[in-house]
Amino acid sequence: MRLRNLFITLLFATLIFAEITPAFAGSMEKDILVLINEYRAKKRLPPLSEKSIIENKADKHSKDMASRRVGFGHSGFDNRLDYLMKSIPGSTGGAENVAYGARTAEQVVDMWINSAGHRKNILGNYNYTGIGIAKGRDGTLFYTQIFIKAK
Numbered sequence: 025m026r027l028r029n030l031f032i033t034l035l036f037a038t039l040i041f042a043e044i045t046p047a048f049a050g051s052m053e054k055d056i057l058v059l060i061n062e063y064r065a066k067k068r069l070p071p072l073s074e075k076s077i078i079e080n081k082a083d084k085h086s087k088d089m090a091s092r093r094v095g096f097g098h099s100g101f102d103n104r105l106d107y108l109m110k111s112i113p114g115s116t117g118g119a120e121n122v123a124y125g126a127r128t129a130e131q132v133v134d135m136w137i138n139s140a141g142h143r144k145n146i147l148g149n150y151n152y153t154g155i156g157i158a159k160g161r162d163g164t165l166f167y168t169q170i171f172i173k174a175k
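Each residue of the sequence shown is one higher than the one before, counting from 25 in this note's numbering.
No lab work stands behind these hints, which were simulated from the structure alone.
It is possible that some hints are incorrect.
[As the list claims (entries may be wrong)] Straight-line C-alpha distance at most 20 Å; calculated DMTMM-like pairs for lysine to aspartate or glutamate: (1) K110 to E74; (2) K84 to D106; (3) K175 to D106; (4) K173 to D88; (5) K66 to D162.
Required output: the full structure, derived from the provided sequences and hints.
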């Protein structure tokens, strides 16, 4: 019985502290994008298209928050935006949403939609996006979505 309990405890700890897998993150990122674009469609706005360069920056920021290299928030956003605006031809602006703690795509999108500032970004005049998700040591998920407007 003790061995079984130890096994269950170790298995649970492994699941909680395991790094988020690329497949899981990729699937959840796609789900978030679908939900965001469905919300935009209800407001008669065009869908956002993914751009890998934006996703890479969003992913790095989520990983930095999850590892506590930076605090939760928008630290370094000006640098991310400058880099993206120089790298994406015709870029004219951008915005960023961050969140933590949600366990599903639906939860994080609901959190953003129910926040005036985040909702404004979702409904903004942007056409490209990138989404990044990372798991902290305690199992908390951190999310970053960056929006870019380009001609």
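For each hint, the structure was consulted:
For the proposed pair K110 and E74, the alpha carbon gap of about 17 Å is at most 20 Å, so the pair holds. Between K84 and D106 the CA atoms are separated by roughly 15 Å; this keeps the pair inside 20 Å, and the hint holds. With a C-alpha separation of about 16 Å, the suggested pair K175 and D106 falls inside the 20 Å cut-off, and the hint holds. Simply put, K173 and D88 have alpha-carbon atoms about 24 Å apart, too far for the 20 Å limit, and the pair is violated.
Between K66 and D162 the CA atoms are separated by roughly 36 Å; this puts the pair beyond 20 Å, and the hint is violated.
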